[in-house]
Amino acid sequence: MRWRWPACALTIVTAVSLWLTASQLHVSQSAVPLDQDSSSSSAPDEFIHLCICSDDSDFRPAVVAIRSAVASSRQAHRFVFHLVTTPELSVRFSRAAKLQLPGVRIEVHADEEIQSAIQSRIEFRDTAGRKGLASAFNFAPFYLPLFLTPSSETFTSQTRRLIYFDADIVLLGDLAEVFDMDMEGKPCAAVPYCNQKMQKYVNFNVLKTLVTSETIDPSSCIANRGLLLIDVKAWADLKLTESIEFWLEQYRKADGELWVGGMSQPPWLLAINGNYMQLNADWNCNSLGRHSMGNLEVAQLHSLGFEEDHLTSLRVETTSWGVVPYVVTCSNSAKLLHYNGAMKPWLLDSDTVQVPVCTMPQALSEYHFNWVQEVEILGVTYTFVTCSEIWSLFLADDLLYSRQTETDRRTHSARAAASATCCEYLLDGF
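In mature numbering (1 follows the signal peptide of the UniProt record, and there is no 0), the protein residues as written are -23 to -1, 1 to 407.
Among the clues, some could well be false.
Stated by the list, open to error - Simulated restraints, written as ranges between beta carbons of each label pair:
#, residue 1, residue 2, range
1, Trp298, Gly238, 17 to 25 Å
2, Glu285, Asp232, 44 to 52 Å
3, Gln350, Lys108, 33 to 41 Å
As the list claims (entries may be wrong) - With a straight-line Cα cutoff of 25 Å, these simulated DSS-like cross-link-like pairs (lysine-lysine) come out:
#, residue 1, residue 2
4, Lys216, Lys163
5, Lys321, Lys108
6, Lys174, Lys163
7, Lys230, Lys177
8, Lys230, Lys108
9, Lys177, Lys108
10, Lys216, Lys230
11, Lys185, Lys216
12, Lys210, Lys163
13, Lys174, Lys108
14, Lys185, Lys230
15, Lys185, Lys174
Because the hints were derived from the structure by calculation, they are not lab data.
The beta carbon of each residue, even a glycine, is placed where N, CA and C say it ideally should be.
Using the sequences and the accompanying hints, generate a full structural model.
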């Protein structure tokens, strides 16, 4: 749900943003992090490299992902954000970062040659889903060292680890915990997702016709790569990028559809084949952008005690095939909120009423939301807010730069929405 706000809000917030920028013009793309003196620096091994890959001309998702990561970490001084994008968009994002992310260390990378080489390996078919999934930047996470090493001031050939995450997320947990975890020699770490199995993505009848030494279990859980920790050396030693390219070649050669419902996810799943370190499920609370829940998912809601009256109070409508919109119950304790689905907060029409609803995150319980609904289920009270407003909170400067008073908390949501208005310049035409 998005709201209409007076034009004066745009003027006020833009003026404040410009003031902040003018007072911090010394901050560059490779600037020192928040709360760190400009004379100090981190040793290369201390940097936490956080990567986003996108050719989206709307930079608001990336801004929110970066702001939420900084706001949720006690070690943000170690963060170096890397945005991998097109040469054309790299200039625009560099300008936007200086205005919207002052004090945050950001490096922007673009390499048209690597981008073209990746694109040449991709073949789009209608069964894959959205045409946008065939973008080279959907596969760029598998080539991050190639993009980063030539142009980065912090990432070198000796860098041990990096983290990739999708742009359509809000982070409520400290990514330093993920970066510093014991990977036990695994090439990557991700969240397993056992609601879906390999056979959902891979056509094993076609797979059997291919000459390969791999043994793959159709009933094994998939992994979600919306958040992916990579051990750079282990990944390279196992030649996982080459393995992904092998599966892309098999996809092109196969007579039938080797996989469906995705473009980059299936070849990555086939390449790692279960060889990854498992992250806690708190790092993948997903479906915050989905329009509806199927009957099997609704059955899970009912098993938790949700009845028709509860759903009605949440503005949720029951249909013959499920419910509309999606009801998210994992968000109260989640460390990562994933807005996968078509109902992205930044794309919602201002008149949309039926939007995904989320249990209020514990980390944001002090903030005042425009829409709040409590429901009592089996003696427990659950507080719901709109998932889109959680995202909107991180467009407001004060989450990063202010110590909030009680008055701030009461009016925070209005400022967040006004800040969303000021960020419209991040769209096409900037």
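We went through each hint and held it up to the structure:
no., hint, result
1, Trp298 <-> Gly238: 17 to 25 Å, "holds (18 Å)"
2, Glu285 <-> Asp232: 44 to 52 Å, "holds (48 Å)"
3, Gln350 <-> Lys108: 33 to 41 Å, "holds (37 Å)"
4, Lys216 <-> Lys163, "holds (13 Å)"
5, Lys321 <-> Lys108, "holds (17 Å)"
6, Lys174 <-> Lys163, "holds (21 Å)"
7, Lys230 <-> Lys177, "holds (21 Å)"
8, Lys230 <-> Lys108, "holds (20 Å)"
9, Lys177 <-> Lys108, "holds (20 Å)"
10, Lys216 <-> Lys230, "holds (21 Å)"
11, Lys185 <-> Lys216, "holds (23 Å)"
12, Lys210 <-> Lys163, "holds (10 Å)"
13, Lys174 <-> Lys108, "holds (23 Å)"
14, Lys185 <-> Lys230, "holds (14 Å)"
15, Lys185 <-> Lys174, "holds (17 Å)"
Of the numbered hints listed earlier, not one is contradicted by the structure.
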